[in-house]
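Novice: Sequence:
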Amino acid sequence: MTTTQKYSNKRIKKLPVFDDEKDLLQFLERSLTDNLKQFIRVSISSLVKAEMEQMRTELQQSG
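Residue numbers (our numbering): 4 to 66.
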């Protein structure tokens, strides 16, 4: 795999160039998997924070 931005002085994200469709599909699959994992982590964290905040509020009101 090579990149399209070899001699640039700017901070541009290097774009991969794939030799065949198999490499491209593997890259896309990895990327999608990583994005889904991150989405799940953020979603779980948000849900846990909201649940904990609700529990704190209920405990403060009752105690």
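Incorrect hints may appear among the rest.
Said to hold, decoys possible - Each computed DSSO-like pair below joins lysine-lysine, with the alpha-carbon atoms no more than 30 Å apart:
#, residue 1, residue 2
1, Lys17, Lys52
2, Lys52, Lys16
3, Lys40, Lys25
4, Lys40, Lys52
Please keep in mind that the hints were generated in silico from the structure rather than gathered at the bench.
Novice: Could you run down the list of hints and mark each one as holding or not?
Specialist: Hints, one by one, checked against the model:
1. Proximity of lysine 17 to lysine 52 is assessed by CA-CA distance (about 36 Å); at most 30 Å being required, the pair is judged violated.
2. This hinted pair does not check out: lysine 52 and lysine 16 have alpha carbons roughly 34 Å apart, beyond 30 Å.
3. Between the alpha carbons of lysine 40 and lysine 25 the distance comes to roughly 22 Å, so the proposed pair stays at or under 30 Å and holds.
4. Simply put, lysine 40 and lysine 52 have alpha-carbon atoms about 18 Å apart, close enough for the 30 Å limit, and the pair holds.
Hint compliance for this structure: hints 1 and 2 are not met, and every other hint is.
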